[in-house]
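**Student:** Residue numbers (the working numbering), protein chains in the order written: chain A, 2 to 680; chain B, 2 to 680.
It is possible that part of the hints are untrue.
Because identical chains cannot be distinguished in the list, a pair is counted as satisfied if it fits within a single copy or across any two copies.
As the list claims (entries may be wrong) - As a list, the in silico DSS-like pairs of lysine-lysine whose alpha-carbon atoms are at most 27 Å apart: (1) 210 with 630; (2) 666 with 546; (3) 217 with 630; (4) 446 with 69; (5) 505 with 546; (6) 673 with 502; (7) 505 with 465; (8) 242 with 210.
Bear in mind the hints are in silico, worked out from the structure with no lab data behind them. Predicted, not measured: the structure shown is a model, and the values here were computed from it.
Number of protein chains: 2
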Amino acid sequence: MTPVIVTFLPEGTKIEARPGESILDILSYAGLDINNQCGGEGVCGKCRVKVTRGRVNFSSKHLGFLTKNELEAGFVLACQTEILAEDIEIWIPPESRKEDMQILTQYDVSFDWLRYSDELAPEQKQALTVDEILRYEAPGPLDQGPDISRDRALRPLCQKYYLELPHPSLTDTLSDLERIYRELRRTVTLFQVLRLRTHFSCLWGLAAKLRHHDWKVTATIHLRDLDAPTVRSIEGGDASKQNYGVAIDVGTTTIVAQLIDLSTGAVVGVEASQNRQVHYGEDVISRMIFACGHGGLASLTEAVGVSINSLVDGLVRGAGIAHHDITCLVAAGNTTMTHLLLGLDPRYIRVEPYISTANRFPRFQAAELGLHAHPKAILHCLPCVSSYVGGDITAGVLACGMSDHPQVSALIDVGTNGEIVIGNREWLVCCSCSAGPAFEGGGVKCGMRAMRGAIEKVRINGGKVIYWTVGNARPRGICGSGLVDAVAELVAEQIIDQNGKFIKYEHPRVQVADEVPEFVLAQPAETETGEAVAITEDDLGNLIKSKGAVLAAMRVLLENLEISFNDLKNIYVAGGFGAHLDIDKAVFIGLLPDIPRERIRFIGNSSLAGARLALLSTEAFRKADMIAKQMTYFELSVHPEFMKEFVASLFLPHTQMELFPSVQKSLVRRRKHASKNFT
Amino acid sequence: MTPVIVTFLPEGTKIEARPGESILDILSYAGLDINNQCGGEGVCGKCRVKVTRGRVNFSSKHLGFLTKNELEAGFVLACQTEILAEDIEIWIPPESRKEDMQILTQYDVSFDWLRYSDELAPEQKQALTVDEILRYEAPGPLDQGPDISRDRALRPLCQKYYLELPHPSLTDTLSDLERIYRELRRTVTLFQVLRLRTHFSCLWGLAAKLRHHDWKVTATIHLRDLDAPTVRSIEGGDASKQNYGVAIDVGTTTIVAQLIDLSTGAVVGVEASQNRQVHYGEDVISRMIFACGHGGLASLTEAVGVSINSLVDGLVRGAGIAHHDITCLVAAGNTTMTHLLLGLDPRYIRVEPYISTANRFPRFQAAELGLHAHPKAILHCLPCVSSYVGGDITAGVLACGMSDHPQVSALIDVGTNGEIVIGNREWLVCCSCSAGPAFEGGGVKCGMRAMRGAIEKVRINGGKVIYWTVGNARPRGICGSGLVDAVAELVAEQIIDQNGKFIKYEHPRVQVADEVPEFVLAQPAETETGEAVAITEDDLGNLIKSKGAVLAAMRVLLENLEISFNDLKNIYVAGGFGAHLDIDKAVFIGLLPDIPRERIRFIGNSSLAGARLALLSTEAFRKADMIAKQMTYFELSVHPEFMKEFVASLFLPHTQMELFPSVQKSLVRRRKHASKNFT
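Excised from the complex, chain A in its bound form (with noise of 0.2 Å):
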């Protein structure tokens, strides 16, 4: 078959294809990366794309997704479209366009809590932290000059050293390692008590180098190991400032990564993408599935590879640095993503009994993973727990610092999996259950994660509906945090029951679409693709079933440690609702506990904070170590009482109301004033 030239606009970026080839694999191999979270399945109806030359053939799934009106202008899935033998053209509306996602995730991720500590009563800060030093001082540069002691609390994975190196002479003979050794001993006082290794390859061409750069040379040392501080690779001149690592949160939605100048442990830079894996299946399950085909594991590391390279490009260009200034990374992911990650066979994590090939990683090469970073830089991954509790929830029990504290505590991360760990610093135990991708945007006719566009705060008061954007842009969709707010809304305003079934049909923003009522938060005339963003009774139930098994979880695993909410010193939630969630709104709608609000605390994306922390601090990585090794999973599906509590939860906020007195109180005043206002 001839090739035919494919256009895409508005870029006007011609590529060749073969007739047959789906518009989402050309766009794919034409780096144009398009939204797409089903994985190409057309199921999400995200890759909405136009055709406005030449013909294409498309399969009946679009029917479901795209109007007569727009079907009429040409507007196609892109997964389910194949060219044909002749030249298209194509645009890719913005709404489509993965480049938002990019750029606009900030939001999703700029809650950097850690950076915000400010914000927290002293004796909170006390209970938050993992390394004080590293948190709460703001970490200087490392050096004044050659002469200060280095050795400061700051102390990343990799460090570099500035040396100037004395000059031999028959008098002082040392041999060139020998002599980086004396120095390095010299200014940094850890290393007068660990001893130095060197990977060989330093040595080829030091000589050299050495008399070259008149003796000042910097080495760049892994410390992972307190008791192995290797020298990988040693430079000309003084590059000490050239030194970041990126920490990666490895989602199996969404790549999350940060730059950090390891030399100072200031964020630089922050990008976000789709895991390019879900061309393979939407979930972990599909994952794993794939992998055991032929080629499917090391199609899966390649696409995981591949996202991580095109974020870290873009962190590296956005930071005006080059690829090998970048000496380390940490990833931290659930146990199935971290297996791909790394190249792992996966499958026997599915099978019972549910084995990894491992839960503590060795550090790998990056280079051989074929990650974009210094040839010799090491990538790390945060440990997982078992096979159902990963890395990811190392990294929250890390950032949220809650098993550095006698007091017990629980970390909630809401994601397509929720997540609860309980613990102290003595134990940790933590139970994982179905959730749904609802607060990520899944499954909701209009969600969406935090992107620009995305309403991620709503006010209804009686007829009137405020909602804010992402980036104060005309809206797109809804995010978890505007859901939150919505549901919520809706039920103080009594539009809604507390089943999630509509009762105020006269409402002048609730209407009927399909059989299916739904309230309308922005019309169409205001929105970015014309279309009104809106809430359907569908979503709602979806909404009302993740709350639910979160709360559910929560509570059958209180009950079998025999502890009260109240006992509970602090909740951090977690998860991709978006930058700023409303705690009393999560408690009104029965996600949270009712527990005093100023003990509960959000704390964004933890497991990128967590995997931050550890590149930040050989300190915090040994705790992950501990954590990971400390905790025990709680399997909440041979508990009976689950199901019981999750039925129970199907209501807002819940059946037993007296489990939450400040919302009874509350919908109490608000149905007392609405009955004043609205009639």
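Given the coordinates of chain A, work out where chain B should sit on it, guided by the hints.
**Tutor:** Same frame as chain A, now just chain B:
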């Protein structure tokens, strides 16, 4: 130019070559190595071949090495002869064959004193031990079954452990890697206290491997640093017996390699060959100069690598094992040789202030140096003391065990450089003198290394000469031990005087060739080459200089340490003399001091013995590090008394006869006896 065909006889090997190429080069790329001590400079005369058909172009350098008859018969020096634009046929005489050397230097190295330790008095045994268990207890197999503790005294740098892992179950859900760790800890006490590490590549495919082999695997663990044992490979099934190491003496001229079964400690084979670097220069200095030229370092590193590989290939073939069974290599060589082996630029060793790149070397991946072994095998080099005292000396001290004991002993390593170490477990001092290669067969008319046909022992009784040759072959030359014998006998028989000058011209074996008197040890009719094996007055001069330098160095060093010869508990003599050095004769000519003979012990190739010890024992390797750290270098050249001592030593045995009372007594007795029998 059209290539021509060169046929080598007796094999009949045919190879294409270009007119103008030297026969030595053609032989080299045909894989037919022949003797060649001077690196193709035409000054050693060892590379004789016979052109049996066709014409060649040869240089005038031949004339010094070939007789008129030989020239007429077609003999040429391969290095000085270029082929012309016609096919030729060349016969390689047996004495020029390198293979002879490979087979026969077993004599040179099989004097494995560690294995003959029963010859020693118990008190001496004590004095010799570095690692008593390793040496004196015959190491048995590491395990009789899976349950026996393998935590034995034999702890080579690389160990293999066969593990039968319990199958995972719902009540035993450790990850694959942690399952291996648990089993290693169960069976090996050592690993209960040490933290195990794993090379990341071991995880690739591990899940499938374990299950395919029914949870029976062999883990290969490298142990050089006891604080960081590292699993470097995991094989399916029981491969614990396929664990071999190679100990290598990287000499400037000769490389000797022993294959060691690391599961038993047994020496399985030994091979020796010329260091192919001799093509680029005969001695250390000329190699350093060559290394400075464009591509020089790479050529030298490749040459020594190729030399080692050819030995390893031979060892592997001989033992019927596979290359990947070799998990570990330990090399001992002088500082420059070690640098060239590892690809490190030696140029700054040569110029003031004489700085090496490193004296203590990180572990190198053998594969990165192109060495034939397991892809993840490691090459360890014994640490050097300084730019001029190398790992071969560290190895020697380790092998003789002098650094383990309170009494002061000495090690004398006689090679091109004579090296002397004096000390005990508290201190070690060493010096180096230029002894010349006479005792290794260099600079001596009929000198050769201790290969087949070398006269290794000589008795002269009146007119009668008795000699013994290596391999009981027809004599081809004379090796170090034979030279020591011959000189002593010539003095005792008063054929030469104590200055090394001939005095008994009437002796039937004395003749004058080219105005130089010589003593014929083997008549032309007896020898393999058809030419006499003789020792000339010039040879005697060289030998006296060699032995004088060694003794003078020793005396100056002792004087400066304020120690007398009689304070030395033991003198260990190492070097390429051959298998059996007659200590009495060595004292008689003044190479060794006149102390009670039982305190002097010839230990053969101590560099190889030390490398083997370090390979077989992590503890021994650690000791080698200590030895190198402990040793102080004593610079002879700045001590004017050295020259005085050297001149005083240019006498047989010494100008101060009172230093050699037993020799004096024996001379007097001999003379009386001789005057009766031979006038």
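**Student:** For every hint, state whether the structure bears it out.
**Tutor:** Okay, the hints, checked on the actual structure:
For the homomeric pair residue 210 and residue 630, the shortest alpha-carbon distance between copies (26 Å) is at most 27 Å, but the shortest distance inside one copy (44 Å) is not. Taking the shortest alpha-carbon separations for residue 666 and residue 546, only the intra-copy value of 24 Å comes in at or below 27 Å, while the best inter-copy value is 109 Å. For the homomeric pair residue 217 and residue 630, the shortest alpha-carbon distance between copies (26 Å) is at most 27 Å, but the shortest distance inside one copy (43 Å) is not. Taking the shortest Cα distances, residue 446 and residue 69 sit within 27 Å of each other inside one copy (18 Å), while across copies they are farther apart (104 Å).
Taking the shortest Cα distances, residue 505 and residue 546 sit within 27 Å of each other inside one copy (22 Å), while across copies they are farther apart (115 Å). Taking the shortest Cα distances, residue 673 and residue 502 sit within 27 Å of each other inside one copy (21 Å), while across copies they are farther apart (130 Å). For the identical chains of this complex, residue 505 and residue 465 are intra-copy neighbours only, at 14 Å inside a copy versus 130 Å across copies, given an alpha-carbon limit of 27 Å. Only within a single protomer do residue 242 and residue 210 lie at most 27 Å apart by alpha-carbon distance; the minimum there is 19 Å, versus 44 Å between protomers.
When the structure is compared with the earlier hints, no violation turns up for any of them.
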